[in-house]
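Engineer: Letter by letter, the chains look like this.
Number of protein chains: 2
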Amino acid sequence: LSVLGRRRANMPQHAENGGSSLGRVLTLDSMNPNVKRVEYAVRGPIVTRAVQLEKELKEGAKKPFTEVIRANIGDAQAMGQKPITFLRQVLALCTYPELLEDDKFPEDAKQRARRILQACGGQSIGAYSASQGIECIRQDVSRYIERRDGGIASNPDNIYLTTGASDAIVTILKLLVAGQGSTRTGVLISIPQYPLYSATLADLGAVQVNYYLNEDNCWSLDIAEWKRAVTEARQHCNPRVLCIIIPGNPTGQVQSRQRIEDVIRFAKEERLFLMADEVYQDNVYKDNTFHSFKKVLFEMGPEYSSTVELASFHSTSKCYMGECGFRGGYMEVINLDPGVKAQLTKLVSVRLCAPVPGQALLDLVVNPPQPDEPSHATFMKERTAVLANLATKAKLTEEAFNAVPGIKCNPVQGAMYTFPQITLPQKAIDKAKEAGQEADMYYCMRLLEEEGICLVPGSGFGQRAGTFHFRMTILPPTEKLKIVLEKISNFHVRFTKEFSE
Amino acid sequence: LSVLGRRRANMPQHAENGGSSLGRVLTLDSMNPNVKRVEYAVRGPIVTRAVQLEKELKEGAKKPFTEVIRANIGDAQAMGQKPITFLRQVLALCTYPELLEDDKFPEDAKQRARRILQACGGQSIGAYSASQGIECIRQDVSRYIERRDGGIASNPDNIYLTTGASDAIVTILKLLVAGQGSTRTGVLISIPQYPLYSATLADLGAVQVNYYLNEDNCWSLDIAEWKRAVTEARQHCNPRVLCIIIPGNPTGQVQSRQRIEDVIRFAKEERLFLMADEVYQDNVYKDNTFHSFKKVLFEMGPEYSSTVELASFHSTSKCYMGECGFRGGYMEVINLDPGVKAQLTKLVSVRLCAPVPGQALLDLVVNPPQPDEPSHATFMKERTAVLANLATKAKLTEEAFNAVPGIKCNPVQGAMYTFPQITLPQKAIDKAKEAGQEADMYYCMRLLEEEGICLVPGSGFGQRAGTFHFRMTILPPTEKLKIVLEKISNFHVRFTKEFSE
Numbered sequence: 001l002s003v004l005g006r007r008r009a010n011m012p013q014h015a016e017n018g019g020s021s022l023g024r025v026l027t028l029d030s031m032n033p034n035v036k037r038v039e040y041a042v043r044g045p046i047v048t049r050a051v052q053l054e055k056e057l058k059e060g061a062k063k064p065f066t067e068v069i070r071a072n073i074g075d076a077q078a079m080g081q082k083p084i085t086f087l088r089q090v091l092a093l094c095t096y097p098e099l100l101e102d103d104k105f106p107e108d109a110k111q112r113a114r115r116i117l118q119a120c121g122g123q124s125i126g127a128y129s130a131s132q133g134i135e136c137i138r139q140d141v142s143r144y145i146e147r148r149d150g151g152i153a154s155n156p157d158n159i160y161l162t163t164g165a166s167d168a169i170v171t172i173l174k175l176l177v178a179g180q181g182s183t184r185t186g187v188l189i190s191i192p193q194y195p196l197y198s199a200t201l202a203d204l205g206a207v208q209v210n211y212y213l214n215e216d217n218c219w220s221l222d223i224a225e226w227k228r229a230v231t232e233a234r235q236h237c238n239p240r241v242l243c244i245i246i247p248g249n250p251t252g253q254v255q256s257r258q259r260i261e262d263v264i265r266f267a268k269e270e271r272l273f274l275m276a277d278e279v280y281q282d283n284v285y286k287d288n289t290f291h292s293f294k295k296v297l298f299e300m301g302p303e304y305s306s307t308v309e310l311a312s313f314h315s316t317s318k319c320y321m322g323e324c325g326f327r328g329g330y331m332e333v334i335n336l337d338p339g340v341k342a343q344l345t346k347l348v349s350v351r352l353c354a355p356v357p358g359q360a361l362l363d364l365v366v367n368p369p370q371p372d373e374p375s376h377a378t379f380m381k382e383r384t385a386v387l388a389n390l391a392t393k394a395k396l397t398e399e400a401f402n403a404v405p406g407i408k409c410n411p412v413q414g415a416m417y418t419f420p421q422i423t424l425p426q427k428a429i430d431k432a433k434e435a436g437q438e439a440d441m442y443y444c445m446r447l448l449e450e451e452g453i454c455l456v457p458g459s460g461f462g463q464r465a466g467t468f469h470f471r472m473t474i475l476p477p478t479e480k481l482k483i484v485l486e487k488i489s490n491f492h493v494r495f496t497k498e499f500s501e
Numbered sequence: 001l002s003v004l005g006r007r008r009a010n011m012p013q014h015a016e017n018g019g020s021s022l023g024r025v026l027t028l029d030s031m032n033p034n035v036k037r038v039e040y041a042v043r044g045p046i047v048t049r050a051v052q053l054e055k056e057l058k059e060g061a062k063k064p065f066t067e068v069i070r071a072n073i074g075d076a077q078a079m080g081q082k083p084i085t086f087l088r089q090v091l092a093l094c095t096y097p098e099l100l101e102d103d104k105f106p107e108d109a110k111q112r113a114r115r116i117l118q119a120c121g122g123q124s125i126g127a128y129s130a131s132q133g134i135e136c137i138r139q140d141v142s143r144y145i146e147r148r149d150g151g152i153a154s155n156p157d158n159i160y161l162t163t164g165a166s167d168a169i170v171t172i173l174k175l176l177v178a179g180q181g182s183t184r185t186g187v188l189i190s191i192p193q194y195p196l197y198s199a200t201l202a203d204l205g206a207v208q209v210n211y212y213l214n215e216d217n218c219w220s221l222d223i224a225e226w227k228r229a230v231t232e233a234r235q236h237c238n239p240r241v242l243c244i245i246i247p248g249n250p251t252g253q254v255q256s257r258q259r260i261e262d263v264i265r266f267a268k269e270e271r272l273f274l275m276a277d278e279v280y281q282d283n284v285y286k287d288n289t290f291h292s293f294k295k296v297l298f299e300m301g302p303e304y305s306s307t308v309e310l311a312s313f314h315s316t317s318k319c320y321m322g323e324c325g326f327r328g329g330y331m332e333v334i335n336l337d338p339g340v341k342a343q344l345t346k347l348v349s350v351r352l353c354a355p356v357p358g359q360a361l362l363d364l365v366v367n368p369p370q371p372d373e374p375s376h377a378t379f380m381k382e383r384t385a386v387l388a389n390l391a392t393k394a395k396l397t398e399e400a401f402n403a404v405p406g407i408k409c410n411p412v413q414g415a416m417y418t419f420p421q422i423t424l425p426q427k428a429i430d431k432a433k434e435a436g437q438e439a440d441m442y443y444c445m446r447l448l449e450e451e452g453i454c455l456v457p458g459s460g461f462g463q464r465a466g467t468f469h470f471r472m473t474i475l476p477p478t479e480k481l482k483i484v485l486e487k488i489s490n491f492h493v494r495f496t497k498e499f500s501e
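First to last, the sequence lines map onto chains A and B. Residue 1 is where the first sequence starts when you use the UniProt record's numbering, and the numbers rise one by one after that. Residue 1 is where the second sequence starts when you use the UniProt record's numbering, and the numbers rise one by one after that.
Heads up, some of the hints might be wrong.
One copy or two, either will do: identical chains are not told apart, so a pair holds if it fits within one copy or between any two.
With a straight-line Cα cutoff of 16 Å, these simulated EDC-like cross-link-like pairs (lysine to aspartate or glutamate) come out [unchecked claim]:
#	residue 1	residue 2
1	Lys295	Glu146
2	Lys110	Glu373
3	Lys63	Asp372
4	Lys36	Asp337
It should be emphasised that the hints constitute simulated quantities derived from the structure, not laboratory data.
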């Protein structure tokens, strides 16, 4: 203590680095500046206010609405979607293996549970798995990909099981970030984009390079626009990565096979690492056909399939499963340099492993009940109902919004979102500006306060300057969705009128 | 296409940035250099080889052993520890709520499950939770902390539910990293350390500042040594963080209350943010008393409790639960700047939420069956058996190693590891050097090949130059642990003899 006491009195040299000795070590001024630049609109101020409103309602406050409807996030079960029975049966068996003796569980569920438990350390989902994921589940993922892609081979060594797709996307981006100043890695992302991408790039200190989707052509991809983006980016950074989300989030479009070929060709020409976010691969309502990047890449022949580097992401959170809370997912890496792959495996090992219940859940998604198994009929019935229902709601949403003057909505071809453009009166834009707000944030905040509906403003995803949008999920149950659509429509008319007078 | 074609022929300016157009975008040369510096010995080359050996055995290869025993990692259930019945019953009920109608489940398990489901979106653990974690579980965590700390208040707003403790530790370190060159954040970590810390610091590009634990005094903390470390560090970085693991990993010591006071006083004097890794808080075999940093901090009076910034970490993976696969955990933050706290909440929201099954599991750990509830007796019996068994194995391990000439082992006072010092003949050290290996890596690799026992070399955790150690978990079942200890002892004698001739 005397040593410390003396030092304190005589040698306060640390104050030079740390500022006032009365203040905190960690302040807004002294914290990681990259973290400060992170933004994540899907859970931003609108959601904070929604949570507050829910509390106020619970405490008996009077509002112009009786419940807050959260259409801000793709959280199917929170919106009332029931879990798929087979998935939950197997997970319960894995969690509490005493149930394997229970006659109420079907034999195929038990068989799946036994197989998963066999592959776990100590035959328990409470053990860590291998960092890359449980081996037999990675094999099942590969077989799933092979079936999906018409037999194109998939190697389980290229599969990593992850904590949702978010974890995987962050990990791959982290590998790719290098250089300083004008050699810093640039990452092309679509605008509008899912803000995980912009948030991660801010966190990693990478350069975000925007390419705009063509709203007038159903949010399609546009080669000339990529060209512009990459050419401009080369003036100030080293663009090395191209991120694509298909089906689109927040825009709900499904790109044609031809466009995917264009993407791959462009990536090869421009030497870009391709990141394909395909978490909505079962959510295709247009023609019901999903073209995976992997499949198109291999169909383009060895000139492409042996050179273009691709990471493709999938998740248990979306599609018919909607099991967001389990944080399950996988990625497949193609043409990854073997040395880099070893680095990737090392990197994921630091956090030991993805949650094992999520891995088990993923196994059921990629290895569902077969026609000769007892759970098949129920499973198919439940799965089909969810997807058919989403297709109906996609159509319903498009039609309802396009009937409102000042709302223009592309067809929801896939995923579970709509991203309509809203025309806002200049006076509303000015009013928002006065308050230091984006006009669509002002609009969405007013909607929340007046109708209890929680959306995300387009500015949280990015949009062409001067245009305004919001993202809404189509997940509420049909009857509730109809109410939501009507409330938004009425609000829009009212809002427009208020600021047009 | 023609645009692309022309550009390719005439303007290959991107080759300047990207190197040969034939090579990959992402290579060892062009990847994130920080990731290359990451090392994580607990799952390093030794474990890779162990997995290989297991495969070879399965395929019928003849080895000097019939199974590989993995004593490299604190993975209780992989070593045969049975899950606690109550925890798994409640999780099964949450997973498949149809079981709430089943008479085989006790009423208190059902009541817990109902309460957790009520707090979930759509009453399903398949929904995302709030990013900070489910509110009623955060409240339960606070009450647990209050009971543990003799009534010192805990605010649920200061609790974050996380993906194991690893996730929380990485997140807090990320907030703290700032500056460049001589102002770059320095982080004091013990040597030996748990390599999550060194790996994360490499990843974040922070400066690792080593302080050595005093092996001769049972791995105790030493003020003069911190003083040395921090003073030297100030020459080249800005030391702002002090990380402590109590009970110790890999060293198994429990620090006295007095030492924890010293740590807190030192942190205040030197303006260091305190990170207290307390994931082994139930694993205390010496005097059976755990002194939390939070409690000691508040008992030191407002001069400390209102100023010293502290983040404390806990996990469902260790203690009596050993539920590693669920990746559950929490952190409590004390005296965090409110602006920084908002940044922390924003940052964790980017990955949406920690796995909900892990959150549910944590709720049971902090809110176990009470004496008047039907599951109490079984729960206490199972819990006590695990902890008593570990205490026995701690003693057994210490005694067995200290009986071997050339192995010197401090008492295992807590956690689930021993980190004995091994004396290696100079010839062995030279032989390893020739092979470009650390001597303890060579030793552990030989042990694995000859006896099938997988340990982690001390060099993976850090140790004073010229000393050698290994880390072994005490988790194998007693009968197997006895075999492990005998095999290591025999091997050590044989190895020493081989290189002393």
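Engineer: Now look at each hint and say whether the structure bears it out.
Structural biologist: Hint check:
1. Lys295 / Glu146: within (9 Å within a copy, 56 Å between copies)
2. Lys110 / Glu373: within (12 Å within a copy, 31 Å between copies)
3. Lys63 / Asp372: neither (54 Å within a copy, 43 Å between copies)
4. Lys36 / Asp337: between (33 Å within a copy, 14 Å between copies)
The structure does not agree with numbered hint 3 stated previously, though it agrees with all others.
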